[in-house]
Amino acid sequence: MTNVSKDALVQELVSIVGKEWVVTEREYMLSYLQDETPEPVRPKAANNLILVKPSSTGEVSKILRAANQARVPVFPVGGRTGLVSACVPTIPGIILSLERMKKLEVDRENLMVVAEAGVTLGDLLRACDEAGLFFPPHPGDEGAQVGGLIATNAGGVRAVKYGVMRNYVKGVEVVLASGKVLNLGGKLIKDNAGYSLLHLVIGSEGTLCVITKAIIKLHPKSEHSVTIIVPFSGRHEALQAVQKILLSGVVPLAIEYVEPDEVNLSAAHLNEKWPVQVGGAQLFIILNAESEEELLVSCEKVSGVCSEIGAGEPVLAETREEQDRVLRIRSNIYTALKPQLIDILDVTVPPSKLGDLMDAVEEIAEKYGVHLPVYGHAGDGNLHVHVMKEEGKAPDYVAKVKSEIYETGIRLGGVITGEHGVGAIRTQELTKATDEAELNLMQGIKKLFDPNNILNPGKVIT
Amino acid sequence: MSKGLKIVVLVKQVPDIEKVRFDYEKGRLDRSSAEAVINPFDLNALEAAAQIKEKIGGVVTAVSMGPEQAKDALRDALARGADEAVLLSDLRFAGADTLATSYTLSCAVRKLGAFDLIICGEKTIDGDTAQVGPEVAEFLGIPHVAYVDEILDISIAEITVKSRLDGDNYVVKMRFPGLITVTKDANVPRLPTLKDKLRSRKAEITVWGMKDLACLDEKQFFGLQGSPTGVAKVFAPTSGKKKGQIVMGTPEEKARRIAEILLKLGASQ
Amino acid sequence: MNNVPDAEGVLVFAEQNNGLVHPVSFELLGKGRDLADRLGVKLSAALLGHGVHKEALELVYYGADVVYVFDSPFLSMFDPVQYAKNLVRLVTETRPAIFLLGATRLGRSLAPRVAAALRTGLTADCVDLDLDENGNLVQVRPAFSGNIMAQIKTKTRPQMATVRYKVMKANARDPRRKGKVIVKEPEVLSDTGIQILEKTAVGGVNLAEAEVVVSGGRGLKSPGDIALLKELAKELGGVVGSSRPLVDAGWISRDHQVGFSGHTVKPRVYVACGISGSPQHLFGMRDSDVIIAINKDASAPIFNVADYCVVGDIYEIVPLLVQELRKLKAVKNLDERK
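Chains as they are written, first to last, in my numbering: chain A, 1 to 462; chain B, 1 to 269; chain C, 1 to 338.
What the hints contain is simulated information worked out from the structure, not anything from laboratory work. There could be a bad hint or two in this list.
[Claimed, not checked] Only pairs whose alpha carbons sit at most 27 Å apart, straight line, appear in this in silico BS3-like list of lysine-lysine:
no., chain 1, residue 1, chain 2, residue 2
1, C, Lys169, C, Lys54
2, A, Lys161, A, Lys19
3, C, Lys169, B, Lys184
4, B, Lys173, C, Lys199
5, C, Lys155, B, Lys233
6, A, Lys103, C, Lys169
7, B, Lys264, A, Lys273
8, C, Lys153, B, Lys219
9, A, Lys53, C, Lys221
10, B, Lys233, C, Lys153
11, C, Lys85, C, Lys155
12, B, Lys184, C, Lys230
13, A, Lys221, A, Lys180
14, C, Lys221, A, Lys389
15, B, Lys264, C, Lys153
16, A, Lys180, A, Lys161
17, B, Lys264, C, Lys155
18, B, Lys211, B, Lys111
19, A, Lys446, A, Lys353
20, A, Lys301, B, Lys211
21, A, Lys301, B, Lys173
22, A, Lys301, B, Lys71
23, B, Lys71, B, Lys111
24, A, Lys161, A, Lys221
25, C, Lys266, B, Lys184
26, C, Lys178, B, Lys264
27, C, Lys199, B, Lys264
28, A, Lys338, C, Lys230
29, B, Lys219, A, Lys273
30, C, Lys169, B, Lys264
31, B, Lys71, B, Lys219
32, A, Lys338, A, Lys170
33, A, Lys221, B, Lys71
34, B, Lys219, C, Lys199
35, A, Lys19, C, Lys327
36, A, Lys353, A, Lys393
37, C, Lys221, A, Lys338
38, C, Lys329, B, Lys184
39, B, Lys233, C, Lys234
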């Protein structure tokens with residue numbers, strides 16, 4: 001650390017948030033030193049860290065002002081559910097956890113919710129539900145916090161119909177590195193007043209400012225939803241169906257692509273049973289509508305499109321309990337694979353190119369003689385490719401496999417990451433895949449926001 | 001000649017327990033707050049019936065008592081493997097407790113004719129009594145096994161099941177006709193196919209009222225009149241807030257304090 | 001309807017297993033004694049089994065005035081048809097006004113058959129019993145998974161109820177108490193259609209009897225983290241419990257579940273880790289002697305019932321707690337040796 005001694009800094013932090021909310025002993029901050037990134041690619045957390053838990057924007061502002069003056073790095077953390085170590089403190093500094101800031105207020109008249117950064121996705125969903133409203137995206141782990149969801153522009157399964165976090169955040173309160181508090185956007189559906197700094201902040205992974213509060217758009221609750229699982233003989237048929245479904249006029253919340261090995265593994269991991277045991281590839285489709293009647297018409301339409309391609313008979317999960325069960329299995333594929341996982345890629349291509357991407361991944365797998373389990377948000381062109389250990393170890397071709405997959409993604413008009421972000425572990429790939437002029441602009445922006453480079457240094461751009 | 005077993009599954013329509021809200025002032029639940037669903041435990045009963053049918057053949061009839069809208073629960077049963085469905089619906093059936101309900105259901109089963117096996121869910125999530133199965137068995141004068149976790153063997157004459165009662169596992173062979181209630185551990189209910197779901201929406205559901213079931217002198221056994229138990233009052237569970245001691249300090253201090261308390265309580269190996 | 005005006009007395013079904021009376025029966029005798037004294041009537045118990053005579057006196061020691069013993073090899077194991085038949089006969093003969101059974105699975109399988117045969121009302125899983133001004137039984141039971149409580153009254157006699165294990169209090173055993181033991185001739189069927197092929201004790205957790213329970217809830221992030229609870233439980237000589245979400249998610253088996261749809265526990269110490277405290281869960285553990293709750297959310301309802309409230313991350317606190325316990329114990333052992 002620079003400029004001031006650690007003791008002096010700790011004392012200053014204690015004077016801001018109180019003794020109880022400043023932690024210096026490493027053994028009491030272990031869970032703050034990593035996220036859900038697979039162990040083999042996870043960077044090590046630095047020593048000499050201070051964990052601070054402010055309770056208000058004012059406290060955050062004071063902390064940042066102090067850190068900025070002392071030139072001490074600040075690592076904002078949320079629920080630590082990310083997959084690219086964006087919140088991992090890789091050099092000595094302050095870990096800023098916003099978990100105590102969890103005020104939440106639903107504004108029914110404007111169909112919006114105002115939530116502090118520490119509100120968890122689970123809390124948010126429940127509060128909306130109780131107010132008879134609906135927060136459409138479901139970007140993964142319900143322990144994730146609003147600040148992190150926005151900072152990472154989280155995506156998730158319902159993006160086909162409802163988009164990602166960016167489509168829902170209408171305003172944020174942020175604290176700049178200087179300690180200055182700024183409100184961007186508002187309870188507005190339209191806002192054309194100058195450059196949108198709001199959208200710059202969304203997805204900036206904690207490198208531009210600290211998000212302390214957000215205004216999030218909601219929808220009225222849609223009463224009926226159903227999940228259908230359609231078996232196909234193989235991947236090509238399944239992907240062909242995705243395009244036809246999207247053209248049919250039915251707009252599902254989600255179209256997920258799964259293969260039997262992975263869902264069965266996940267089901268076994270949860271002590272459950274996957275309901276469909278036929279087909280080499282399956283689509284998991286969530287539909288919603290105002291009435292059951294309308295819903296079943298959509299189901300028939302989807303089923304009709306699929307059967308033209310030779311799909312098997314779809315099954316449907318209709319009760320909340322059954323829908324939760326199948327979604328839980330789908331959502332836990334990652335957890336089930338994790339012990340054997342080296343890295344999870346989320347290359348994203350235009351939806352029409354997903355088949356090409358998958359073919360290429362298969363070729364790469366064959367070339368190196370490896371198994372690369374895949375599943376993905378098929379409706380979004382977002383594919384999760386898993387690079388696995390062999391006999392418990394990372395094989396030496398890992399780097400080559402990864403870079404070939406990235407290159408393929410870019411060649412097909414895609415990006416290296418669709419939803420997980422860059423964090424600490426994809427910075428080189430981002431540099432490689434991005435035009436120099438664009439990178440320069442990004443670096444310039446970073447410098448404008450954070451001249452002393454104290455906010456989440458070493459992440460996104462280096 | 002019909003082959004296989006004649007199976008009856010008893011089902012109930014219940015409010016979705018996760019969504020239902022309570023009006024503590026009026027002392028009742030706000031039924032409009034939640035949609036009605038088939039009792040989740042009944043799905044295990046239907047699945048058990050479907051598996052038996054697949055194994056040795058048979059016909060499955062789902063029977064439910066309730067208002068007209070309970071047809072939805074029966075349609076769900078039809079989508080999940082039942083072949084026929086009968087709704088017992090009559091204003092005079094309303095207000096029934098478990099005794100009157102069981103009596104009504106047993107009358108319907110008698111009217112259906114000879115049967116081999118009745119399957120019920122372990123209990124319903126709204127009433128939570130687990131009484132209807134055994135009461136129906138008594139009214140019909142047939143044996144029953146409750147809390148079946150596994151069907152070990154079945155033939156056209158008898159069934160062998162594993163049932164857990166408190167600290168013991170029982171393996172029981174029961175001759176037909178008989179009744180079992182199955183737990184959530186008995187199976188994983190299948191999801192209906194879209195085809196079956198759509199077909200069930202158009203299916204005919206037989207409706208029987210009082211006149212179809214009872215002789216005149218038996219009317220006192222149905223509905224409110226036939227129900228010896230009644231709810232006198234409903235109230236919110238006492239919150240009974242304790243003034244707990246808040247353990248302050250750093251995580252380390254908190255842990256030490258709790259460890260001291262635990263040791264003082266003698267809770268340690 | 002079986003509305004017998006001259007019905008009088010309280011009858012308790014004394015459940016036994018392998019010749020030993022189930023503790024719930026002693027609890028029923030405790031409550032039954034209270035009701036009988038208030039009504040000024042006799043408290044009887046019905047004991048069915050094989051070779052169970054020696055237990056009859058125990059029932060007297062715990063409060064019964066009269067014990068009816070039905071002893072037969074046909075009653076050695078639980079056959080609901082045989083048991084119901086004999087109980088129905090006893091009730092018809094002795095005409096009790098109140099008939100209580102334990103809400104164990106055995107009790108809940110048996111009681112409805114008896115009630116249907118007698119055409120009388122039965123209230124399931126009661127957590128409290130009282131008398132109204134006319135001496136009628138007021139039966140309190142939770143409904144809708146513990147979200148509401150209902151008071152239920154029965155028009156017919158006997159007023160039958162199954163009563164939840166571990167909510168009533170047994171009286172202290174008094175070996176000087178006197179009572180009558182009446183041996184009844186059991187009426188048995190040679191074939192009820194039921195044949196018990198095997199009966200084996202289930203291994204595994206005994207949550208209901210545990211002195212210390214360490215429970216986890218939604219605050220756990222993955223199935224593997226149950227190891228965290230196990231470690232603490234081991235340190236405390238306790239067993240691991242769970243709230244419903246973990247059971248529903250398949251992370252832990254159903255026999256670990258504490259709450260309305262699981263076990264009711266009453267340990268000396270209950271440690272709730274990452275449990276928010278839904279009404280369903282509180283229902284099953286709120287009567288524990290000492291409750292320690294650890295939760296990140298200071299507004300979690302679990303803190304309303306806790307004796308010691310720790311606002312914090314279980315992932316930090318629990319490992320530290322294990323460490324501290326080990327340290328303190330090491331010190332204690334040293335002191336003891338001195």
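Evaluated hints:
| no. | hint | in the structure |
| --- | --- | --- |
| 1 | C:Lys169 - C:Lys54 | holds (23 Å) |
| 2 | A:Lys161 - A:Lys19 | violated (47 Å) |
| 3 | C:Lys169 - B:Lys184 | violated (31 Å) |
| 4 | B:Lys173 - C:Lys199 | holds (12 Å) |
| 5 | C:Lys155 - B:Lys233 | holds (15 Å) |
| 6 | A:Lys103 - C:Lys169 | violated (44 Å) |
| 7 | B:Lys264 - A:Lys273 | violated (46 Å) |
| 8 | C:Lys153 - B:Lys219 | holds (22 Å) |
| 9 | A:Lys53 - C:Lys221 | holds (21 Å) |
| 10 | B:Lys233 - C:Lys153 | holds (9 Å) |
| 11 | C:Lys85 - C:Lys155 | holds (23 Å) |
| 12 | B:Lys184 - C:Lys230 | holds (26 Å) |
| 13 | A:Lys221 - A:Lys180 | violated (37 Å) |
| 14 | C:Lys221 - A:Lys389 | holds (23 Å) |
| 15 | B:Lys264 - C:Lys153 | violated (45 Å) |
| 16 | A:Lys180 - A:Lys161 | violated (37 Å) |
| 17 | B:Lys264 - C:Lys155 | violated (51 Å) |
| 18 | B:Lys211 - B:Lys111 | holds (12 Å) |
| 19 | A:Lys446 - A:Lys353 | violated (33 Å) |
| 20 | A:Lys301 - B:Lys211 | violated (44 Å) |
| 21 | A:Lys301 - B:Lys173 | violated (48 Å) |
| 22 | A:Lys301 - B:Lys71 | holds (26 Å) |
| 23 | B:Lys71 - B:Lys111 | holds (19 Å) |
| 24 | A:Lys161 - A:Lys221 | holds (15 Å) |
| 25 | C:Lys266 - B:Lys184 | holds (26 Å) |
| 26 | C:Lys178 - B:Lys264 | violated (40 Å) |
| 27 | C:Lys199 - B:Lys264 | violated (41 Å) |
| 28 | A:Lys338 - C:Lys230 | holds (22 Å) |
| 29 | B:Lys219 - A:Lys273 | violated (47 Å) |
| 30 | C:Lys169 - B:Lys264 | holds (26 Å) |
| 31 | B:Lys71 - B:Lys219 | holds (24 Å) |
| 32 | A:Lys338 - A:Lys170 | violated (35 Å) |
| 33 | A:Lys221 - B:Lys71 | holds (26 Å) |
| 34 | B:Lys219 - C:Lys199 | violated (42 Å) |
| 35 | A:Lys19 - C:Lys327 | holds (25 Å) |
| 36 | A:Lys353 - A:Lys393 | violated (32 Å) |
| 37 | C:Lys221 - A:Lys338 | holds (14 Å) |
| 38 | C:Lys329 - B:Lys184 | violated (42 Å) |
| 39 | B:Lys233 - C:Lys234 | violated (44 Å) |
Violated hints, listed in ascending order, are 2, 3, 6, 7, 13, 15, 16, 17, 19, 20, 21, 26, 27, 29, 32, 34, 36, 38, 39; each of the other numbered hints is respected by the structure.
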